[in-house]
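The lines below spell out each chain.
2 protein chains.
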Amino acid sequence: MRKPRLMTPGPAPVPEDVLLELARPVIHHRSAEAKQVIVEVAEGLKQVFQTKNEVMILTASGTGAMEAAAVNTVPPGAKAIVLNAGWFGSRWASICKAHGINAVSIDFEWGTPVDPARVAEALRAHPDAVAVMGTLSETSTGTGHPIEAIGKLVAATEAVFLVDGISGVGAMECRTDDWGIDILCVGSQKALMLPPGLAFVTVSPKAWAKIDAFEAHSFYFNLKSARKKMKEYDTPFTPAHTLILGLRASVRRLLAEGIENVWSRHKLMSEACQAGVRALGLELFSSRPAEGLTAFRVPEGLKDSAIRDKLTERFGITTVGGQDKLKGKIVRVGHMGYMDELDVISGLAALEMVLADLGFDIKPGAGVTAAQQIFIGRKQAAVQA
Amino acid sequence: MRKPRLMTPGPAPVPEDVLLELARPVIHHRSAEAKQVIVEVAEGLKQVFQTKNEVMILTASGTGAMEAAAVNTVPPGAKAIVLNAGWFGSRWASICKAHGINAVSIDFEWGTPVDPARVAEALRAHPDAVAVMGTLSETSTGTGHPIEAIGKLVAATEAVFLVDGISGVGAMECRTDDWGIDILCVGSQKALMLPPGLAFVTVSPKAWAKIDAFEAHSFYFNLKSARKKMKEYDTPFTPAHTLILGLRASVRRLLAEGIENVWSRHKLMSEACQAGVRALGLELFSSRPAEGLTAFRVPEGLKDSAIRDKLTERFGITTVGGQDKLKGKIVRVGHMGYMDELDVISGLAALEMVLADLGFDIKPGAGVTAAQQIFIGRKQAAVQA
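The listed protein sequences correspond, in order, to chains A and B.
Residues 1 to 385 (this note's numbering) are what the first sequence spells out, left to right.
Residues 1001 to 1385 (this note's numbering) are what the second sequence spells out, left to right.
It should be emphasised that the hints constitute simulated quantities derived from the structure, not laboratory data.
Remember, it's a predicted structure, so these values are computed and weren't measured experimentally.
Careful: at least some of the hints might be erroneous.
Below, a list of computed lysine-lysine pairs in the DSS-like style, where the Cα atoms sit at most 27 Å apart [unchecked claim]: (1) K329/A <-> K1325/B; (2) K224/A <-> K1079/B; (3) K97/A <-> K1327/B; (4) K327/A <-> K1228/B; (5) K231/A <-> K1097/B; (6) K229/A <-> K1097/B; (7) K1097/B <-> K327/A; (8) K1325/B <-> K228/A; (9) K325/A <-> K1228/B; (10) K1325/B <-> K97/A; (11) K1327/B <-> K231/A; (12) K1229/B <-> K325/A; (13) K1231/B <-> K327/A; (14) K1329/B <-> K229/A; (15) K1228/B <-> K1303/B; (16) K1079/B <-> K3/A; (17) K224/A <-> K1327/B; (18) K1097/B <-> K228/A; (19) K303/A <-> K1229/B; (20) K325/A <-> K1035/B; (21) K1325/B <-> K229/A; (22) K1035/B <-> K327/A; (23) K1229/B <-> K79/A; (24) K35/A <-> K1327/B; (25) K1329/B <-> K35/A; (26) K1229/B <-> K97/A; (27) K1224/B <-> K35/A; (28) K79/A <-> K1097/B; (29) K1303/B <-> K97/A; (30) K229/A <-> K1228/B; (31) K325/A <-> K1329/B.
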């Protein structure tokens, strides 16, 4: 017997009741029943994303939401500042390139956070930048970026702040309006606890002003069309409606738990996972870890594939390795969405046993114990408070 | 009790075993297991689409596939001939407009088929056209277009033939390679018996030559990236993987039935539905009906919404009305995908009862009988052959 355990930084596990929604007979996407579903998820997502702005629903991967954000706000030939500290930061630059947007890439070492001081400097050097493109959680390095601080800087300029929140939203604090995020891009398959296939963008009045100022070279990702249809709780094209049905169930779960509690749960799992990994003598890759995943360096003398394959073979656990220049150098473990304390402990226990198997010198139980101490400590602190 | 019966020209009913695939725990889209699924569906879809060309899988509505086809083959400023005989024909023109493609629209009366003679004329008048954009089944009017004849004309030129097969493929004969279709665009929610959320394009060598000749202004719908990843049975971005799992089940069904038998089943349902509608004294809207849906004119003195609402209230049947200039003028009934003879007979029986209720003068049983005569006659002809 091998129980499958999905511990990747997206897709993430989906609750059984959400999965069962996906198996319901298909209904027409423009029926009264379907509209009612969109009304509920559109309003619910505003709470999840902490925004009063409209939320547009796209049938696409998260990258589609990023392209929609970029191509609708920045005309070809205009300038955008790209905050690039990993594979997904560089995706903004690739999207700009495809659309003839003049991307000024501010590069940071992979595994380190974006430094707001350098953003301020870039904004001063490029007052003509139409947009700043950033990342809440850089999935390729497991790094959380200081979006609140950057948002304050961008808000003081004419530029709009576009944020890839795909692996971050739900897994870490993100206050769209308070932090000055003009367009937040989200994917369904991470902390929103759905399979992949839907993407979302929130759009601020400041962003709408940019969008209304020119005709974007996009038909499918045209946000003007999306806004027009969303006023009637509809979409311009046939949406992945079964996923929207599932979304209703997952949004209900998130709101029942309370979004701040959802963030706290992830923060705790993240701290416990980091403590466990460190207690095993492993080195975290990021100097400012994201809260939906943990990335650690592959220890000297071991191959990442050996660790990951053994996790799968013995325990049904799926993790991912490094991308691009990090290939073979790190292992990334997801703990976002439908996951709790015991999932993190199970993952650490499995990692301990696999490392022991591979001859790596660890103290069995050390990782699990370190994680438990975090969970116990937090509980006690909550009781005392 | 009200049993839901989805009789819209997309989405169409999905078999229960396919629905249950969608409720399986999510797996990682780059795992060995996921790759195996893509291998199977990519090969299976070639048979369904009758092509030796590669099939690309996109996470999008069918419109995304159309945009991918247009934007990757026709550079901005270049010319395309659009065959426009309905709402979806005009969508090609809208996509061209968004991308600065010079669309020469050859317009036909809604409800009539594209006339190949006028296509030949347009090709002569515009030898610089890079593409011809057509529609297999115009969903807005319920018309099937003579794609084989048009394909032969386009094949003799330098232009590529892009065909929106979204509501046609699977529901009516479509031989991609034999008919000279360079890019066939397909959506998941029609005769492929899946919920919406996936789209497909087949790409011929002639189309790849156009694609390789310039850099398309699209990141998410870039077919060069899709081709590169598809060589490893992967996709450039996280795909709607649960839908791909469902697709495997539906493709297995299509191949088990045999694609020519699938076409015959739809042809028969279509003829029976047309005969039934006519026997009730209703007028078909199209002079060359498509085979996945039937559109009839709303009879004098009745409102389309009265017919459609009563079908829903009494029998749980969902149909759709007219789009754009056909609003209120026609009713469209889908009979594609997971549907058989008795579904058509049920739909006609319901229509009879609803029309009688509304005071429309019909002979009860006339529609059902006419449909049965088609089904019986075809069966007898098959036995005699």
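Which of the stated hints cannot be reconciled with the structure, identified by number in ascending sequence? 1, 3, 7, 10, 15, 16, 23, 27, 29, 30, 31
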